[in-house]
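*Asks:* Each chain, written out:
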Amino acid sequence: MPGTADEQSVSVRVMVNDRAHQLDVDAGEVLLGTLRDRLGLTGPKEACGEGECGACTVLVDGGPVASCILAAGSTNGRVVRTVEGLAGTDELTTLQQAFVRHAAVQCGYCTPGVLMVLTALLDDVPEPTETDVRRALAGNICRCTGYQQIVEAALEAAGTVQS
Amino acid sequence: MRFCRVRSVAEAVDELSRWGTEGRILAGGTDVMPQYLRDEQSPAALIDISGIDGLQGISEVGGVTSVGALVTLRRLATASLIAMRHPALAQAAAAVGGWQTQTVATLGGNVCSGAPWADTVPALLIADAQMMLVSKSGRRRMNLGEFLEGAGATALRPTELLRAVELEPVGDRSAEGYVKVGRRSAMDLAAVGLALRLSLTPTGVVSDIRIAVCGGTRSPHRVPSVESAVVGSQLDDGRLDWAAAGAELASAAAPERTEAARYRRQVLPGLLSRLADRCVAGIPGECG
Ligand code: FES
Ligand code: FES
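Each protein sequence line maps, in turn, to chains X and Y. When we follow the numbering used here, the leftmost residue of the first sequence carries the number 1, and every step to the right adds one. When we follow the numbering used here, the leftmost residue of the second sequence carries the number 164, and every step to the right adds one.
Please note that the accuracy of each hint is not assured.
Ranges of calculated distance between the beta carbons of each label pair, as one might list FRET restraints [claimed, not checked]:
no.	chain 1	residue 1	chain 2	residue 2	range
1	X	Ser-9	Y	Glu-203	22 to 28 Å
2	X	Thr-89	Y	Met-305	52 to 58 Å
3	Y	Gly-315	X	Asp-61	27 to 33 Å
4	Y	Ala-173	X	Gln-22	23 to 29 Å
5	X	Ser-11	Y	Arg-437	51 to 57 Å
6	X	Met-15	Y	Arg-402	52 to 58 Å
7	X	Glu-7	Y	Thr-421	52 to 58 Å
8	Y	Glu-185	X	Gln-22	26 to 32 Å
9	X	Ser-9	Y	Glu-422	44 to 50 Å
10	Y	Gly-315	X	Ser-11	55 to 61 Å
11	Y	Leu-244	X	Ala-20	32 to 38 Å
12	Y	Arg-347	X	Cys-107	21 to 27 Å
A partial selection of chain Y residues facing chain X, derived with a Cβ cut-off under 10 Å [said to hold, decoys possible]:
no.	residue
13	Met-196
14	Arg-201
15	Asp-211
16	Ala-257
Partial chain X-side listing against chain Y, Cβ under 10 Å, derived [stated by the list, open to error]:
no.	residue
17	Gln-8
18	Val-10
19	Gln-22
20	Asp-26
21	Ala-27
22	Ala-47
23	Gly-51
24	Gly-54
25	Leu-59
26	Pro-64
27	Ala-66
28	Asp-124
29	Pro-126
30	Arg-135
31	Ala-138
32	Glu-152
The hints are simulated quantities; they were obtained by calculation from the structure and are not laboratory data. In this text, a Cβ means the ideal position worked out from N, Cα and C, and glycines have one as well.
Chain X with its partners taken away, still in its complex shape (with noise of 0.2 Å):
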């Protein structure tokens, strides 16, 4: 569980996948704690734990951020979405289809962090060259895939390339 006995606790309200949560969290936990074991949201995973991977990838307003090394209590009044709130109950997204397709997914640990920052690329930006989804891609490290099948699958879903 987060915390240590000497940190002081600080109370947050916080929007996560369409669900409004009053929590106490400590001061110096990071949200991917909170999201995981707070929350029993265990898509995010940890890897590096320093935000230098991007598996803990989650929308914060609509952004991308690496929930291992942001303080909980600053997600004050904000919304997070993990890759828990992308689908509905039995439908994934058009992006996560096009994952299947593709076998953008190997191991999948990278898998909802790579899915967050596509998301909000696709949001961003309707129609992505390659370029932008490899520069989105910057903070994602897969140890698998080697990315093509993913890049694949992202412009697949942007609708920028015929599947």
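Based on these hints, arrange chain Y with the ligands on the given structure of chain X.
*Replies:* Showing chain Y with the ligands alone in chain X's frame:
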């Protein structure tokens, strides 16, 4: 540790004077939180200024651009006012880390970290940046060149907050840019970064040139010896021979006897001529 959320500049300077050196300002937290998590920093209080609305603005008043300390790097990289008036700053902001970092990291944090590799700082130096500081005892402004006091050190007092940075925009017959070299093309600290602002007369004489570098062992800095050698030069067929300026830049900006400095000496001349050609091409007129 306490978490102190403040809503206004007045509340922030109150908390800063209460905690002094025991308090740490938290904005985007991309430096502060990793340092805390690695036990390199153990402040008694994190003073969270990220919710202060008054520090989030980009504006233009009387020919001066004012950028609030909490403006994120992503906004700098994408805002049209910055792209038009401070393209080097937009390019520098886009060169910091990945998107995840740029979403939350702030201009104030990049400057106040005092990091030798802070990409935005050379771009601010060529815009003659003024630091607008505030504390309980009042306001002061300070030239960025004086504000930087060596690797990791600035003139920011423990009780003081950076409110905004004021910048001189690029003029009509001027162009500017920022280029960076790291070990890989993204997500790396600058081994060397170079910002250049170049102004030409209609007849192709260099009327003003400002050069600033980052990535060494000291604070990012202007390179006046190169600036004064180039100013007054006449373009020949739309080009300038940058070889002499490049050699001077290499020895002035990377004089150390280390391998890292040797590397910087090797890349700086090429970066300068590439960036300079790009600037010349961006200036309209017979010679551009
Ligand atoms: S786990 Fe957060 S960036 Fe690597
Ligand atoms: S699928 Fe394994 S790390 Fe990306």
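*Asks:* Hint compliance check: list the failing hint numbers for this structure, sorted ascending.
*Replies:* Going through the list in order, the structure violates hints 7, 10, 19, 22, 29 and 32 and respects the others.
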